[in-house]
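Visitor: Going down the list, the protein sequences come from chains B and X. Those letters in the first sequence? Residues 1 to 113, per the numbering used here, in order. Those letters in the second sequence? Residues 1 to 112, per the numbering used here, in order.
These aren't lab readings, by the way, just hints derived from the structure by calculation. For every residue, glycine included, the Cβ atom is placed at its ideal position computed from N, Cα and C. Treat each hint with caution, since some may be false.
Stated by the list, open to error - List of simulated lysine-lysine pairs, DSSO-like, C-alpha gap at most 30 Å:
#1 B:Lys37 x B:Lys58
#2 B:Lys100 x X:Lys18
#3 B:Lys68 x X:Lys18
What the hints assert, rightly or not - Where chain X lies over chain B, by a calculated footprint (3+ residues, C-beta under 8 Å):
#4 10–20
#5 98–106
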Amino acid sequence: GENVEQHPSTLSVQEGDSAVIKCTYSDSASNYFPWYKQELGKRPQLIIDIRSNVGEKKDQRIAVTLNKTAKHFSLHITETQPEDSAVYFCAATFNFGNEKLTFGTGTRLTIIP
Amino acid sequence: EAQVTQNPRYLITVTGKKLTVTCSQNMNHEYMSWYRQDPGLGLRQIYYSMNVEVTDKGDVPEGYKVSRKEKRNFPLILESPSPNQTSLYFCASRSTVGQPQHFGDGTRLSIL
Numbered sequence: 001g002e003n004v005e006q007h008p009s010t011l012s013v014q015e016g017d018s019a020v021i022k023c024t025y026s027d028s029a030s031n032y033f034p035w036y037k038q039e040l041g042k043r044p045q046l047i048i049d050i051r052s053n054v055g056e057k058k059d060q061r062i063a064v065t066l067n068k069t070a071k072h073f074s075l076h077i078t079e080t081q082p083e084d085s086a087v088y089f090c091a092a093t094f095n096f097g098n099e100k101l102t103f104g105t106g107t108r109l110t111i112i113p
Numbered sequence: 001e002a003q004v005t006q007n008p009r010y011l012i013t014v015t016g017k018k019l020t021v022t023c024s025q026n027m028n029h030e031y032m033s034w035y036r037q038d039p040g041l042g043l044r045q046i047y048y049s050m051n052v053e054v055t056d057k058g059d060v061p062e063g064y065k066v067s068r069k070e071k072r073n074f075p076l077i078l079e080s081p082s083p084n085q086t087s088l089y090f091c092a093s094r095s096t097v098g099q100p101q102h103f104g105d106g107t108r109l110s111i112l
């Protein structure tokens with residue numbers, strides 16, 4: 001089955017700086033990679049996703065890059081703000097014919113004002 | 001309002017006493033899943049369903065049962081709960097392949 005590793009487990013950055021979270025996956029058949037943000041005491045919410053036919057996707061201050069050869073993908077947050085403080089999860093799945101989704105173990109991001 | 005509703009939100013119970021956590025979505029989604037969230041382990045999928053009467057195991061199905069008799073409902077059943085099932089549980093649904101998952105607010109279960 002799929003295995004997703006996520007690093008780092010905790011990350012502190014100064015407000016305004018950039019944050020990068022990295023994930024690797026094991027199953028080369030995986031073709032859909034979402035990222036979720038979970039604020040304290042709340043549900044996970046999708047912030048960005050990428051499919052295997054795309055190398056990079058950007059949405060305002062958030063971007064995701066995918067390297068299929070190396071089987072890793074990364075979340076980039078630029079110009080960080082205090083409201084970016086949360087736990088971030090990556091996930092991977094083969095997005096056809098099943099609903100199996102494997103998550104990374106999460107990164108607790110703290111933005112220092 | 002589009003939502004996934006879980007009940008109860010909190011439950012403290014004892015070992016061996018059967019319990020059911022309900023999950024209902026009002027978006028006519030075909031796909032539904034149950035996850036458990038534990039510190040340091042992230043979200044792990046317990047069971048998922050791709051349509052009515054179609055369910056399959058996720059990564060950690062032991063000790064759990066599910067059913068999908070109607071499209072909107074996907075209950076999680078613990079026949080004989082044990083302390084290692086103490087966790088935060090999330091139900092999620094999505095409409096089809098390639099669409100994002102919508103999560104419920106979570107159910108915090110404590111098994112004593």
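Visitor: Are the hints correct? Go through all of them and say.
Guide: Verification of the supplied hints:
| no. | hint | in the structure |
| --- | --- | --- |
| 1 | B:Lys37 x B:Lys58 | holds (16 Å) |
| 2 | B:Lys100 x X:Lys18 | holds (26 Å) |
| 3 | B:Lys68 x X:Lys18 | violated (45 Å) |
| 4 | 10–20 | violated (count 0) |
| 5 | 98–106 | holds (count 9) |
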